[in-house]
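Trainee: As a plain string of letters, each chain reads:
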Amino acid sequence: MKQPNLQNISDYFISSGSQMDEFIEATDVKLATKDESARFHTGRHLAILKPGETVFDDLEKDIDREAGIRMASTNDYKAEDFSEDLLDDAEAFIYHDLGLALIGGETTQVDRLNRPDKNYVIVPEKITAIPKNQPGILKNNSTWGIKKTKSDLSAYDGQGIKVAILDTGMDLTHPDFAGRIIRHTSFVTGQGVQDRNGHGTHCIGTACGNMDNSGKRYGVAKASEIYAGKVLSNAGSGAQAWILNGMNWATNRGCHVISMSLGSPVSNGQTFDPAYERAAQYALSKGSFVVAASGNDSSRSIGIYRPISSPANCPSIFSVAAIDKNLQVADFSNRQINPGTTMNIAGPGVNIYSSWPIPKRYHTISGTSMATPHVAGIAALIFQKNSGFTPKQIGTEIGKLATILPISGIDVGRGLCVAP
Amino acid sequence: MKSVIITIDEKEIEHLSTITNSLVSCGLQVTNEFGFGVITGNADDSTIEKIKAHKEVISLKEDQPIHLSPPDSPIQ
Chain H
1 MKQPNLQNIS DYFISSGSQM DEFIEATDVK LATKDESARF HTGRHLAILK
51 PGETVFDDLE KDIDREAGIR MASTNDYKAE DFSEDLLDDA EAFIYHDLGL
101 ALIGGETTQV DRLNRPDKNY VIVPEKITAI PKNQPGILKN NSTWGIKKTK
151 SDLSAYDGQG IKVAILDTGM DLTHPDFAGR IIRHTSFVTG QGVQDRNGHG
201 THCIGTACGN MDNSGKRYGV AKASEIYAGK VLSNAGSGAQ AWILNGMNWA
251 TNRGCHVISM SLGSPVSNGQ TFDPAYERAA QYALSKGSFV VAASGNDSSR
301 SIGIYRPISS PANCPSIFSV AAIDKNLQVA DFSNRQINPG TTMNIAGPGV
351 NIYSSWPIPK RYHTISGTSM ATPHVAGIAA LIFQKNSGFT PKQIGTEIGK
401 LATILPISGI DVGRGLCVAP
Chain R
1 MKSVIITIDE KEIEHLSTIT NSLVSCGLQV TNEFGFGVIT GNADDSTIEK
51 IKAHKEVISL KEDQPIHLSP PDSPIQ
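Chains H and R supply the protein sequences, listed in that same order.
Heads up: the first sequence begins at 1 in the working numbering, then just goes up one per residue.
Heads up: the second sequence begins at 1 in the working numbering, then just goes up one per residue.
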């Protein structure tokens, strides 16, 4: 099959810097001059059945007998996904289900087909392209979590804000993070920061990522500086000592936000861990806002409600519940039960799409672990907007911005976390 | 030996190094000392009892490891 000529369109966008509207208008044959319209054609043609016509009998005969062009059709490729690469020397291809045929022959051959008495019409194949000076997104193409938190509408992107994610590390080779500022260290004995679990890369994607390879936005603070602290092994386990190391590291590196999508269950009546609280107090004293997952130990649908896990149950740590896209509490999300603990806020935590180590690249999972980095990213945006805010002021601002939900505060705190 | 997390009374933080040395003399193998008043390390049962006897120690807990769900679990 003759290859499409896409060169003209490239020249056009480099030279003129045109916008998409101009492109659409220019490629409309009825509006453009003949010379202009030719610039947006591939050199190939389409045969399209006239209204009411359903069979290509005429065309099949004409292509073969009058134009002398070798032909193939979708009937030849039913067992596999078709692409032009599969065509050998065929210069015409009939898409029976679509009622059209792609013809790659010479112009003189195609001209023999272009007659008004036929049950089809011949039109030039047009180039479809995204202008070079346009972003990849032509409509609001974001995850539900990004939309509900209005992160895609925020004027802030986390530029200059340091966000620490203490987790299973990060896939440092992930192409979505190429060019980003990334600091990293591992506190896990015998393992580097490279994430061979996936949890850490997913959380970093939500808090600090931007968009996937199709232009879908999944990250909140898309220009923030990433601090990936590995405190959980590739198997997903971590000693408390490693986590304390990570909190100390992030604090001493001046991170504005420390996000921990981790925790261990606590029993009813159990108090917070004094070592975690001390580490969090230290972080607050140095200007770091600490946020952690409230835990996934509940089964609300069968009446089981579990208390906020550790370390999210510490007074100095902002605890995060999970909600679904209908703004209902996730079945697994824990509750503020034990005295002295507070559920602070809720974030999107059901069916969350984000980055995952290569080669999988993306993954959709649920948990308060996924809700937490949404809040961490939004905290980064608030820090950017309000330079000099203390962590306590960040917490207050998150509460002010939150969308109030018709759900008890013991389940969702101040409501759904929303970007400034 | 058990991994332990020791929290020191806030009022005694300025004496943290001295306290750590005292705990080491009791048999504690220190892995880290944090300026915010937490010491991590390893100790056997008899050492743990000696450490708990220090008035500056307000908490001694065995390290509570955290375990995530497996990576293929739908809930993390």
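Hints are computed from structural coordinates only; laboratory data are not their basis.
There's no promise every hint is true.
Said to hold, decoys possible - In silico PhoX-like pairs for lysine-lysine, Cα to Cα no more than 25 Å straight-line:
1. R:K61 to R:K2
2. H:K392 to R:K11
3. H:K50 to H:K147
4. H:K61 to H:K50
5. R:K2 to H:K286
6. H:K286 to H:K216
These figures come from a predicted structure and were not determined experimentally.
Trainee: A separate judgement is required for each hint: does it hold in the structure or not?
Mentor: Now the hints, each set against the structure:
1. R:K61 to R:K2: Satisfied, since the Cα-Cα distance of roughly 10 Å is no more than 25 Å.
2. H:K392 to R:K11: holds (23 Å)
3. H:K50 to H:K147: violated (42 Å)
4. H:K61 to H:K50: With Cα atoms ~17 Å apart, K61 of chain H and K50 of chain H stay inside 25 Å; holds.
5. R:K2 to H:K286: violated (32 Å)
6. H:K286 to H:K216: It is violated: about 35 Å lies between the C-alpha atoms, which goes past 25 Å.
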